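For reference, the chains in residue letters:
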Amino acid sequence: MDPLQQELLQLICATCNLNDVDLNQIGPDDPLIGPESPLGTDSLDALEIAVTVQKEYGVRMDAENTSRSVLQSVATLADYIRKNR
Amino acid sequence: MPDFPHHQSAHCESGVAANLLTHRGIKISEAMAFGIGGGLFFGYLPFIRINGLPLVTYRAAAGHILRQIASIPGVRLYQKKFRNREEAMAELDMALASSIPVGLQTGVFWLPYFPKAMRFHFNAHNLVVYGKEGNEYLISDPVFPNPVRCPADDLARARFASGALAPKGKMYYFTALPAKLEHGPLIVRGIQSVCRLMLDTPIPLIGVRGMRFLARRLSKWPRRLGRERADLHLGHVVRMQEEIGTGGGGFRFMYAAFLQESAEIMQEELLHDCSASLTTAGDTWREFAAMAARVCKGRARPDDTYAAMAGSIDRCADLEKKIFIALKQWAKRQA
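Residue numbers (the working numbering), protein chains in the order written: chain R, 1 to 85; chain B, 1001 to 1335.
To be clear, the hints were calculated from the coordinates, so they are not data collected in a lab.
No experiment lies behind these values; they were computed from the predicted model shown.
Cβ atoms here follow ideal geometry from the backbone N, Cα and C, with glycine treated the same way.
Check each hint, because a few of them may be wrong.
So the derived list for chain B, only partly shown, Cβ under 7 Å to chain R, looks like this [claimed, not checked]:
1. A1010
2. M1254
3. A1290
4. A1293
5. R1299
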């Protein structure tokens, strides 16, 4: 994982109170939301992540770049932030 | 393999409408299809229950966008529902044999290409079938990034899912379209229809008044329902707004994108301003939803209260009232 991806993963864990997650076990392309996600996050967590990312990085997930597509993985989220901030 | 312009979209009905029109040579964005189809709405209808919880919706009823587009002069949309599954599949095959991509209403639960976590009982999911290979249909499902395939038995089951909003095999496709769409009058008409619903309905449960009604109700939920059921109701209100499932929220952002595109087409600064304001309203809705998510997940901050959430919804109502009054006056000037 690159530094931004690591930073995002830590931010997500802090936002969603995921205290028992071993960050070393998470890959950049692992699903971020849903039962396949090693984080165990769901659509309500996704809402919070979207709001936190907007506040911290000033990028909005909007009609064309929905949180559904941006929040597929830490890698897609990091790419979106790099392109839009 | 048959050719079909698949584009992923935020919302299935506007996505299907845009993809079907684009296939017929009328290139149109999802946001524009959503806007001219009058897709934005708000309704809180506590007497209609979904899984025992009151219906709240942030967009027009299923089928509204396609109906609005079908009523454009020069547009004809063939639509049919069926009682018989075999007949429904045979008519689909006949259309495909004539190289006609067909829109279908389906039940998400029976579509095997959906991840299990997303397979809930929602029976108004729209998709386009554009071909068949062997026993598999080729599908442009607008919530997926790429076309997908579905076995015939599963698609038949999805077309005849039972329960609320049962699709009854509904299929549709355009049989006539004008050479090009005159966007100006359609934009005005679409804005007028949304303004009417958001501002001028006598029913206090829909539009801006519906938002205020929800805010009042929501502030009383902990006292009236007890904490556990209040959180359950709150989670339901927010799930209808979230964007990961197929229902999809973010409708304020999509309408803002429509207003932005319209501003450029019509060279109208006011539409730019309304687009920016609606984006702010979308952000406010999202902040309310994030607060609600924290409450539901048991990680509320000290100022995450039901009163604060009701305040957020009231702020959304204030913002949207201003926007739709401005749009209503603008649309009146265009008439």
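(message) Could you work out which of the previously given hints the structure breaks and list their numbers from low to high?
(response) Hint check: nothing fails, all pass.
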